[in-house]
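**Q** Could you slot chain B onto chain A? The hints should help.
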Amino acid sequence: MSLLVPLFIPFVAAVLCLAWWKDRRVQGWLSVAALAAMFVTALQLLFSVRAEGIQVVFAGAWEAPFGIVLAADLLSATMVTVTALVGVAVALFSIPAVDVKRESFGYYPLLNLLVFGVSGAFLAGDIFNLYVWFEVMLMSSFVLLALGGEKRQLEGAIMYVTINFISSAIFLAGVAILYSLTGTLNFADLALRLGDVPEKGLVTLVSMFFLVSFGIKAAMFPLFFWLPASYHTPPIAVSAIFSGLLTKVGVYALLRVFTLLFVHDLPYTSTVLMVLAACTMIAGVLGAAAQWDFRRILSFSIVSQIGYMVMGLALFTPLAIAGSIFFLLHNMVVKTSLFLIAGLVHHVKGSFKLRYIGGVYRDHFWLSILFLVAALSLAGLPPFSGFWAKFILVKAGIEAGEFWLVLVVVASSLMTLYYLTKIWNEVFWTNEPEELNDPEPHTPGPGPLWLMVLPVVVLVGITLAIGLNAEPIFDLARETADQLLGRDAYIRAVLGR
Amino acid sequence: MGLLLALITGILYSAAIYMMLRRSLAKLIIGLVLLGHASNMAIFTLGRLSKGNPPFIAEGATAVVPPYADPVPQALILTAIVIGFGIQAFAIVLIKRVYQETGSDDLDKLQTADDTLVRILKQIGKKNA
Numbered sequence: 086m087s088l089l090v091p092l093f094i095p096f097v098a099a100v101l102c103l104a105w106w107k108d109r110r111v112q113g114w115l116s117v118a119a120l121a122a123m124f125v126t127a128l129q130l131l132f133s134v135r136a137e138g139i140q141v142v143f144a145g146a147w148e149a150p151f152g153i154v155l156a157a158d159l160l161s162a163t164m165v166t167v168t169a170l171v172g173v174a175v176a177l178f179s180i181p182a183v184d185v186k187r188e189s190f191g192y193y194p195l196l197n198l199l200v201f202g203v204s205g206a207f208l209a210g211d212i213f214n215l216y217v218w219f220e221v222m223l224m225s226s227f228v229l230l231a232l233g234g235e236k237r238q239l240e241g242a243i244m245y246v247t248i249n250f251i252s253s254a255i256f257l258a259g260v261a262i263l264y265s266l267t268g269t270l271n272f273a274d275l276a277l278r279l280g281d282v283p284e285k286g287l288v289t290l291v292s293m294f295f296l297v298s299f300g301i302k303a304a305m306f307p308l309f310f311w312l313p314a315s316y317h318t319p320p321i322a323v324s325a326i327f328s329g330l331l332t333k334v335g336v337y338a339l340l341r342v343f344t345l346l347f348v349h350d351l352p353y354t355s356t357v358l359m360v361l362a363a364c365t366m367i368a369g370v371l372g373a374a375a376q377w378d379f380r381r382i383l384s385f386s387i388v389s390q391i392g393y394m395v396m397g398l399a400l401f402t403p404l405a406i407a408g409s410i411f412f413l414l415h416n417m418v419v420k421t422s423l424f425l426i427a428g429l430v431h432h433v434k435g436s437f438k439l440r441y442i443g444g445v446y447r448d449h450f451w452l453s454i455l456f457l458v459a460a461l462s463l464a465g466l467p468p469f470s471g472f473w474a475k476f477i478l479v480k481a482g483i484e485a486g487e488f489w490l491v492l493v494v495v496a497s498s499l500m501t502l503y504y505l506t507k508i509w510n511e512v513f514w515t516n517e518p519e520e521l522n523d524p525e526p527h528t529p530g531p532g533p534l535w536l537m538v539l540p541v542v543v544l545v546g547i548t549l550a551i552g553l554n555a556e557p558i559f560d561l562a563r564e565t566a567d568q569l570l571g572r573d574a575y576i577r578a579v580l581g582r
Numbered sequence: 003m004g005l006l007l008a009l010i011t012g013i014l015y016s017a018a019i020y021m022m023l024r025r026s027l028a029k030l031i032i033g034l035v036l037l038g039h040a041s042n043m044a045i046f047t048l049g050r051l052s053k054g055n056p057p058f059i060a061e062g063a064t065a066v067v068p069p070y071a072d073p074v075p076q077a078l079i080l081t082a083i084v085i086g087f088g089i090q091a092f093a094i095v096l097i098k099r100v101y102q103e104t105g106s107d108d109l110d111k112l113q114t115a116d117d118t119l120v121r122i123l124k125q126i127g128k129k130n131a
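Going line by line, the protein sequences match chains A and B.
Every number in my numbering is 85 more than the matching position in the first sequence, counting from 1.
Every number in my numbering is 2 more than the matching position in the second sequence, counting from 1.
Next up, chain A with everything else stripped away, as it sits in the complex (with noise of 0.2 angstroms):
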């Protein structure tokens, strides 16, 4: 299976929706089948890529470092596939939550290109392409974001493209200095002559120039204000596919160049990553424990699990690099399946705040046991995915000796627990309060529940599956993170030498 069929399913969709403009049912449907297409192939590229190795295309059929390369080792064959995984469960979610008014001004199409973009910048092999794949992808995020033209929406789409734009601005003047140093602009090429490079101290302000890039994609400390403010202004189904999407996006790209690139002043480079990574889950978690909307604790959420992302390539180990990634792909899914959730609540309650809300248990018991099982996976509790990820993260934290990131993983999830639990208490275990309504009256979306329901479960019942059988995805996490440690297999892929 190429590579290039699982990134064009998403591409050819969004034109054939552009096409269906007129009807709504055919694009949601043909998204639908898009990315569910895209996930086969996908998983397909991934079984290929593990067993024969890394797959490289040349594009024109110009050969490296010359041409522009697109390469999937199984990081970016394991992203992608997680990638079409949410988008097919969001696809299908939007079908009934979408309002009309979204779906008839090309939602579909945006989506499918959000996706598109997404999975270009997995495989990107080239930082220039890198460049151009988080272009394609921030652009469909922005209209996205402010499709609706809601006050709300449009006010937090001012913060998201202002601080993009920024991150963007300083990906190019990196990209710029590393071009003068190398002369060059290939993944693999780089990785080569960035060690013959006289001047060590311009490569380590060059990753800087790339961290602080992709930590404001990625939300890290001390960049992440923009998050909270803009990712619960949109519809539900958009935050969640921004939640299990874009933000992860940052974190591959940094244990892209991080991995590949950037290796030659680890000691420098891993304690900085290290204090931004405890910083990041602590400042999360306690930002999550202050708000009082379903939305904006998970918001918060996402920021502390990307310091437990950073922390695993933090401490540059095998095993603390298989943990990053077990923690990327269980929080991808669970995720995505908190903020499905919280549309869920708010389908039936008619608000994301909790004081508005109560008594989901009592009047929906399986909505309750589906966020029970995904709040306790993110919580870190055996036996689901969580566990396992920071069990590993933990692991590797003390065969590293670093006890002080390892006691700061400990508290963050007790926290994490306790915000988890403030939601579990405020929603679905006490009345519902009477009398009380929430000011911001809201339009439910036009279809059948169950459509709603259906993404949730496959996804909570994934994360079930991933917990009680860790095995082979650890496995395969330890494949990823020593592939990603031995940087020969994809130099030589890419420059066949």
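Note that these hints are calculated values from the structure, not bench results.
We put the beta carbon where it would ideally sit given N, CA and C, even for glycine.
Each hint should be verified, as a subset may be incorrect.
[Claimed, not checked] Straight line, CA to CA, 25 angstroms or less: simulated DSS-like cross-link-like pairs of lysine-lysine:
hint, chain 1, residue 1, chain 2, residue 2
1, B, Lys98, A, Lys186
2, A, Lys107, A, Lys186
3, A, Lys236, B, Lys98
[To be verified] Just a few of them, taken from the derived set where beta-carbon distance is under 7 angstroms, the chain B residues facing chain A:
hint, residue
4, Leu37
5, Ala44
6, Leu48
7, Ile85
8, Phe92
9, Ala93
10, Arg99
11, Val100
12, Glu103
13, Leu112
**A** Here is chain B on its own, set in the frame of chain A:
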């Protein structure tokens, strides 16, 4: 020439940051435009300036004759300009809509910041008043 371009890049960066730190939405857009230009100038300058032959291989030859200008940074800038143009166009439409919705050009009037924080600050303000 290199020094001049470096100075221009620096001025563009500082002007962009100054404009973005203002409270006005319109000035924010000007800041974003300048920031895009600054990055492009940085790529151009860092891509090594050289006067000389065009980067074409003459008929019968196998390589370009140095000194020649590197075409790659210019290709990068071209791409970045196009992408930046698209984003700036979107941002201008966005601020127009925000202005229509809120009737204000003042960034501080937007409720994007943390609602809870704003509420707490207001409460503190009331207590002090």
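**Q** For every hint, state whether the structure bears it out.
**A** Cross-check of the supplied hints:
1. B:Lys98 <-> A:Lys186: Measuring from Cα to Cα gives roughly 21 angstroms; hence the hint holds.
2. A:Lys107 <-> A:Lys186: holds, 12 angstroms
3. A:Lys236 <-> B:Lys98: Holds. Lys236 (chain A) to Lys98 (chain B) sits at ~12 angstroms (cutoff 25 angstroms).
4. Leu37: With a closest approach of 5 angstroms, the Leu37 (chain B) hint holds.
5. Ala44: Given a least distance of 5 angstroms, the restraint on Ala44 (chain B) holds.
6. Leu48: Constraint on Leu48 (chain B) satisfied, holds at 4 angstroms.
7. Ile85: This hint holds: Ile85 (chain B) lies near chain A, its Cβ roughly 5 angstroms from the closest one there, short of 7 angstroms.
8. Phe92: Holds, about 6 angstroms.
9. Ala93: holds, 5 angstroms
10. Arg99: This interface hint holds because 5 angstroms falls under the 7 angstroms limit.
11. Val100: Nearest chain A Cβ about 5 angstroms off; hint holds.
12. Glu103: At about 5 angstroms, which falls below the 7 angstroms cut-off, the nearest Cβ of chain A leaves the hint on Glu103 (chain B) intact, so it holds.
13. Leu112: With Cβ-Cβ at 4 angstroms, under 7 angstroms, it holds.
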